[in-house]
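If you read the protein sequences in the order shown, they are chains A and B. All the letters of the first sequence, read from the start, carry residue numbers 30 to 205 under my numbering. All the letters of the second sequence, read from the start, carry residue numbers 1100 to 1189 under my numbering.
Don't read these hints as lab results, they were simulated from the structure. Note that CB positions come from ideal geometry on N, CA and C, so glycine has one too. Accuracy of the hints is not assured; some may be wrong.
[Said to hold, decoys possible] Facing chain B, according to a computed beta carbon distance under 7 Å, are these residues of chain A, among others:
hint, residue
1, C133
2, I175
3, H176
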Amino acid sequence: MDLPGPIHDFLLVFLGSGLILGGLGVVLRINPIYSAFSLGLVLVCISLFYILTNYHFVATAKLLIYVGAINVLILFVVMFMNSSEYYKDFNPWTIGNGLTSLVCTSILVSLISTILDTSWYGIIWTTRSNQIIEQDLIGNSQQIGIHLATDFFLPFEFISIILLVALIGAIDVTLQ
Amino acid sequence: MMLEHILVLSAYLFSIGIYGLITSRNMVRALMCLELILNAVNINFLKGNIFSIFVIAIAAAEASIGSAIVSSIYRNRKSTRINQSTLLNK
């Protein structure tokens, strides 16, 4: 939807801060149930981002699948584990943690400098020629339907086979 | 303006996910950080909306198989520490 300017900016800042805090919460909280809830917050904020960019179908699909299925699955797995053994040997300042945080910060800085240096509007304008004509008049679910039925038909079939095999395999592993 | 903000946020989530994946001693936390990484890559595909659907499907399949493996490991060894598999060490 085309929101007015200040609401758009406010929502962007709100979701961005939710993402930042949720991401830190997944990694840094000791209790795994709290970190699973922080993962749920991150997934909700990501799917609300897709609403801001007019992709309503992808937003709803991510909300249903990620928050509704994958996050609930992870919560079930967390609740089966005995989490009292992690409070004893929790040491956040080991050498390995410090080295990894250095490496990850350098990865983040290099990625951000690459993103801010690229001129994105030039790239988007040159690749706009091979998209569907009248793209703004069709809804997002119709665009995805057109793509799935014409260009991406073979990956669609393969994805369904992959999902079938993965679910049968997961059930077989847990039944033993 | 908005495209760059979302890409910067996706880079942040990616690096946080890599940090959490490497420094987690719990298998379930490693699975959660893997989901973070996959979501960070997925939010990069802003203008390619079909590929996001495929990444969602692959992430769902991988999360289900990962949690099945973690459940069977927990059932066998009663503990989910990552550094307990040392049979190949010698």
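Verification of the hints:
1. C133: At about 4 Å, which falls below the 7 Å cut-off, the nearest Cβ of chain B leaves the hint on C133 (chain A) intact, so it holds.
2. I175: violated (10 Å)
3. H176: It holds, given that the least Cβ distance between H176 (chain A) and chain B is near 4 Å, below 7 Å.
Checked against the numbered hints listed earlier, the structure breaks hint 2 alone; every other hint is satisfied.
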